[in-house]
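Based on the sequences and whatever the hints tell you, model everything.
Single-letter residue listing:
Protein chains: 2
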Amino acid sequence: MIKRIAHIAIVVDDIDAALCFWRDGLGLDLTHVEDVPDQQAAVAFLPTGESEVELVKPTNELSGIARFLMKRGPGMHHICFEVDDVEACLDRLRAKGIRLINETPTIGTGGKKIAFIHPEGTHGVLVELYELTPEEQLLRHERQLGLADRVLHEGQVMTAAVMGFLQALVGNGDRAN
Amino acid sequence: MIKRIAHIAIVVDDIDAALCFWRDGLGLDLTHVEDVPDQQAAVAFLPTGESEVELVKPTNELSGIARFLMKRGPGMHHICFEVDDVEACLDRLRAKGIRLINETPTIGTGGKKIAFIHPEGTHGVLVELYELTPEEQLLRHERQLGLADRVLHEGQVMTAAVMGFLQALVGNGDRAN
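Keeping their order, the protein sequence lines are chains A and B. Numbering-wise (my numbering), the first sequence opens with residue 6 and increments by one. Numbering-wise (my numbering), the second sequence opens with residue 6 and increments by one.
Heads up, a few of these hints could be off.
Identical copies go unnamed one by one, so any copy, or any two together, can satisfy a pair.
Straight-line C-alpha distance at most 20 Å; calculated SDA-like pairs for lysine to any residue [what the hints assert, rightly or not]:
(1) Lys76 x Ile103
(2) Lys8 x Asp29
(3) Lys76 x Gln45
(4) Lys8 x Glu55
(5) Lys117 x Asp154
Quick caveat, the hints were computed from the structure, so don't treat them as lab data.
In structure tokens, the structure reads:
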């Protein structure tokens with residue numbers, strides 16, 4: 006039912022400063038920084054193994070993440086698990102009387118289903134459940150194709166530039182001889 | 006350099022109560038609960054994907070984990086990454102002026118090398134680095150062999166019991182006829 010730790014979210018007050026440790030010091034790769042209006046936050050994504058570290062900076066002073074930052078300072082905010090079936094998981098938790106934040110899943114970017122469990126029910130940890138949907142898989146595939154296209158295009162542009170440079174060199178060489 | 010999230014440690018005041026959520030509600034498997042004198046704690050291990058959730062209960066009121074629990078209540082305590090080379094990682098962090106807790110790795114159960122980075126250096130998160138050593142790989146292999154032996158032995162005992170039961174049934178059948 007639980008497949009993996011999808012991500013660990015860490016609240017920070019300055020993404021660039023935090024990257025000095027997480028990317029430059031620890032050596033994680035940064036894929037991108039994204040504005041996530043749903044969460045009223047900017048998020049830096051740093052994959053590691055089958056999981057991700059996410060650095061989350063509030064972009065609005067009234068959000069839950071902003072209040073967490075003001076109250077507790079920077080630190081671990083929540084842990085997200087990928088599950089096969091969010092609804093089934095919520096049903097099971099509800100049957101056990103565990104306090105939920107979302108009684109039904111909300112729909113995030115790319116159609117993914119997410120739901121939060123209240124720290125009261127988990128012994129102090131805000132837990133997110135996340136179900137990858139076919140739409141999101143398609144979106145990821147399209148993103149990869151887009152990236153591949155850009156790399157290919159930039160590669161071709163680069164090759165043309167290098168060829169031009171080499172031809173110029175050869176031309177200069179011919180003139181020098 | 007960083008291979009994966011090895012574990013997320015969650016401090017709890019009652020392992021059995023916490024298992025009602027993490028094992029019974031969420032559905033993670035519990036492999037075992039172990040007394041870890043180095044950490045002055047009892048630890049429940051719940052693997053998920055390539056990582057583990059560890060529920061940590063202090064067994065001593067004076068330990069760092071006990072103080073964390075008293076001050077902040079139950080919750081996420083630290084995140085541990087498996088790395089190729091702990092010393093190289095510490096060298097790089099030291100060169101960047103990042104505050105460490107362990108200047109050199111300590112040797113844990115099975116010879117594994119571990120070192121903690123101070124939350125001041127990571128933007129609020131206690132981070133553990135962990136290097137799997139050949140000794141630990143051997144120890145894990147031996148544990149698996151031991152487990153396989155027990156399963157095999159119990160299987161044989163069970164088979165013998167079932168065979169005895171079936172023979173008794175056939176005997177009764179013979180007598181009934």
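Hint numbers contradicted by this structure: Result: hints 1 and 5 break, sorted rising.
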